[in-house]
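*Asks:* One-letter residues, chain by chain:
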Amino acid sequence: MKKEIRLMKGNEAMAEAAILAGVDAYFGYPITPQSEIIEYLMSANTAERTGMQVLQAESEIASINMVYGAAGCGKRALTSSSSPGISLKMEGISYLAGAELPCVIVNVVRAGPGLATIQPSQSDYFQAVKGGGHGDYKLIVLAPSTVQESVDFIRLSFDLAFKYRNPVMILTDGIIGQMMEKVELFEQHPRLSEPPTWATRGKKPGEKSTVVTSLHLESEDMEQVNLRLQAKYREIEKKEVRFESYRCEDAEVLFVAFGSSARIARKAMDLARMKGIRAGLLRPITLFPFPVEEIRRLAGQVSGMLTVEMNAGQMVEDVRLAVNGRVPVEHFGRFGGMIPGPEEILDALETRLEEWHQKQPA
Amino acid sequence: MAEQSIISPENLVYKKTDVMTDRELHYCPGCGHGTAHRVLAEAIEELGIQSETIGVAPVGCSVLAYYYLNVDMQEAAHGRAPAVATGIKRVLPEKYVFTYQGDGDLAAIGTSETIHACNRGENILIVFVNNGIYGMTGGQMAPTTLPGMKSSTCPMGRDVKTMGNPLKITELVAQLPGTHYVTRQSVHTPGNVRKAKRAIRKALEYQKEDKGTCLVEIVSNCPSGWKMNAVDSNKWMEENMLPFYPLGDIKVPGKGLVNGGKDGG
Numbered sequence: 027m028k029k030e031i032r033l034m035k036g037n038e039a040m041a042e043a044a045i046l047a048g049v050d051a052y053f054g055y056p057i058t059p060q061s062e063i064i065e066y067l068m069s070a071n072t073a074e075r076t077g078m079q080v081l082q083a084e085s086e087i088a089s090i091n092m093v094y095g096a097a098g099c100g101k102r103a104l105t106s107s108s109s110p111g112i113s114l115k116m117e118g119i120s121y122l123a124g125a126e127l128p129c130v131i132v133n134v135v136r137a138g139p140g141l142a143t144i145q146p147s148q149s150d151y152f153q154a155v156k157g158g159g160h161g162d163y164k165l166i167v168l169a170p171s172t173v174q175e176s177v178d179f180i181r182l183s184f185d186l187a188f189k190y191r192n193p194v195m196i197l198t199d200g201i202i203g204q205m206m207e208k209v210e211l212f213e214q215h216p217r218l219s220e221p222p223t224w225a226t227r228g229k230k231p232g233e234k235s236t237v238v239t240s241l242h243l244e245s246e247d248m249e250q251v252n253l254r255l256q257a258k259y260r261e262i263e264k265k266e267v268r269f270e271s272y273r274c275e276d277a278e279v280l281f282v283a284f285g286s287s288a289r290i291a292r293k294a295m296d297l298a299r300m301k302g303i304r305a306g307l308l309r310p311i312t313l314f315p316f317p318v319e320e321i322r323r324l325a326g327q328v329s330g331m332l333t334v335e336m337n338a339g340q341m342v343e344d345v346r347l348a349v350n351g352r353v354p355v356e357h358f359g360r361f362g363g364m365i366p367g368p369e370e371i372l373d374a375l376e377t378r379l380e381e382w383h384q385k386q387p388a
Numbered sequence: 645m646a647e648q649s650i651i652s653p654e655n656l657v658y659k660k661t662d663v664m665t666d667r668e669l670h671y672c673p674g675c676g677h678g679t680a681h682r683v684l685a686e687a688i689e690e691l692g693i694q695s696e697t698i699g700v701a702p703v704g705c706s707v708l709a710y711y712y713l714n715v716d717m718q719e720a721a722h723g724r725a726p727a728v729a730t731g732i733k734r735v736l737p738e739k740y741v742f743t744y745q746g747d748g749d750l751a752a753i754g755t756s757e758t759i760h761a762c763n764r765g766e767n768i769l770i771v772f773v774n775n776g777i778y779g780m781t782g783g784q785m786a787p788t789t790l791p792g793m794k795s796s797t798c799p800m801g802r803d804v805k806t807m808g809n810p811l812k813i814t815e816l817v818a819q820l821p822g823t824h825y826v827t828r829q830s831v832h833t834p835g836n837v838r839k840a841k842r843a844i845r846k847a848l849e850y851q852k853e854d855k856g857t858c859l860v861e862i863v864s865n866c867p868s869g870w871k872m873n874a875v876d877s878n879k880w881m882e883e884n885m886l887p888f889y890p891l892g893d894i895k896v897p898g899k900g901l902v903n904g905g906k907d908g909g
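So the protein lines, in turn, are chains D and E.
Per this note's numbering, the very first residue in the first sequence carries number 27; after that it's consecutive.
Per this note's numbering, the very first residue in the second sequence carries number 645; after that it's consecutive.
Hints were generated in silico from the structure; no laboratory data involved.
Backbone N, C-alpha and C fix where the C-beta goes; we use that ideal spot for every residue, glycine too.
Some hints here could point you the wrong way.
Cross-link-like lysine-lysine pairs, in silico, BS3-like; alpha carbons within 27 Å at most [unchecked claim]: (1) D/Lys-229 - E/Lys-899; (2) D/Lys-229 - E/Lys-846; (3) D/Lys-230 - E/Lys-739; (4) E/Lys-871 - D/Lys-230; (5) E/Lys-812 - E/Lys-846; (6) E/Lys-852 - D/Lys-234; (7) D/Lys-230 - E/Lys-812; (8) E/Lys-659 - D/Lys-229; (9) D/Lys-229 - E/Lys-855.
Quick list of simulated restraints, FRET-style, between CB atoms [said to hold, decoys possible]: (10) D/Glu-261 - E/Lys-879: 51 to 61 Å; (11) E/Asp-854 - D/Arg-289: 34 to 44 Å; (12) D/Gly-161 - E/Gly-792: 36 to 46 Å; (13) E/His-670 - D/Glu-261: 45 to 55 Å; (14) D/Gln-250 - E/Glu-654: 41 to 51 Å; (15) D/Pro-221 - E/Pro-653: 30 to 40 Å; (16) E/Gly-678 - D/Asp-162: 43 to 53 Å.
Given these sequences and hints, build the entire structure.
*Replies:* Given below as structure tokens:
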């Protein structure tokens, strides 16, 4: 059967993907540059199509707690926002992680700090990957670089969220959220019918009641919960790393970039190749778990790495941790909503290359 | 021997409801929470809806309400219970959903969630225990602390000029079209216990009819926070809390606001 191909805006494509993925409920609050998600869902007649509930909450805080309630009932619950709104959601996200509830949070990142600007940015990398809210927890973080991936990752995110009982964040930005691209949609998936055993659904007679909580007052208990969470994160690190390599086989220098930056870095890589520089590009798709092993492997092959990020240098820290000093790792970034061009990325690479060559022993 | 023969099934006139667990309550002696739990549990039992009920516990003294209420429950972040209950009710509309919240949770940090859930007319029951103080954190000022009343953060008494007035949130939400039944009760005398249970039962019955939010406030005591013994705290509650928070229905289905919604009728 020929699948449907449509030209869609990133945000709207994610909204349609949510309906097709059999999501039970969406709770959100408008914020640029992602309001198309709730607007699309509100006009898509979801109640009739799949029975999906869509509600505009009074705040980001309320919406993430509505997600908590629905997720606690074992339902597929989705929310979306952009940076300042995600900051507000962080309290709820910590509770979701603590109570081990599956859900998906889309962050269409805009520049910060503060109210800053609505232009695209990747400055929420730390917030997404290092926790963001209080306590030792991890989100699974997926970074699409196309509208197609934005669609595919909605489904993947819910699969991962339920597999590990963990919140998943799709970390995208205003470029991918707002641009239109060709996209192949997947077929309609049914909504969940049978609630998982951990979900509140009304206690059957004779059964023990089910409690969804992140509260464990005894330190001994709380340590065990933390150990269990950490064991889960180690398992996720082992099994769920996703990345894409472009021309890394013979690369002597490596770009590392995710999301929309990776698209621009790829162009810079092509320009470098035309100038005779054997550049490669590694694009982490999962930001947690991070492709540590692959970066470590490539550190044995290249003379240096340059991360390209629309921030002041965040992912570069994880690349450095993976490389552990074996080769130089530098960062090139534009921020505040400025988008780097391939030429300036190439310039940055060439400057670094000179430095790296000078440092090498004769 | 005599005692043994008296304690026999046929002589029992009162039995603990199965909707309460056997766990020993952690509440302070004389605190109203235990009785408030019990009337809620008994109302659930009488309606036969234990297996169709999902509760939401707050942050505060009743954070561990799920230790005692034998129904499926979710523990919410501070003040967020009405939002969590909204999430539950929207995906499981056929279930009975309630929140159990104190004054700090419901009327300070959770004011927004409370007002908007009521304004949307979420088809849930909010049980609001108002004792005018933060019990769990050790007796600090609450949004409902009376003018002049002492707490650890207003040791000279609440000065309304700098600390604001007590918030009558129950009267406030009664004004919203989304609320269906709003009432203020107490559990400090046997008669009041019976009335409070009746109110909760009524509110749960309305939920079946999908009429909007029902809020049952229970004015209660806090012997530890008020630094009084149980008997004195109930007396103090009658003399000070109840004139400010008068008992009775504030909004009644079919009739609307009682006494203009100013206070209990």
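*Asks:* Which numbered hints are broken by the structure, listed smallest first?
*Replies:* 1, 4, 7, 11, 13, 16
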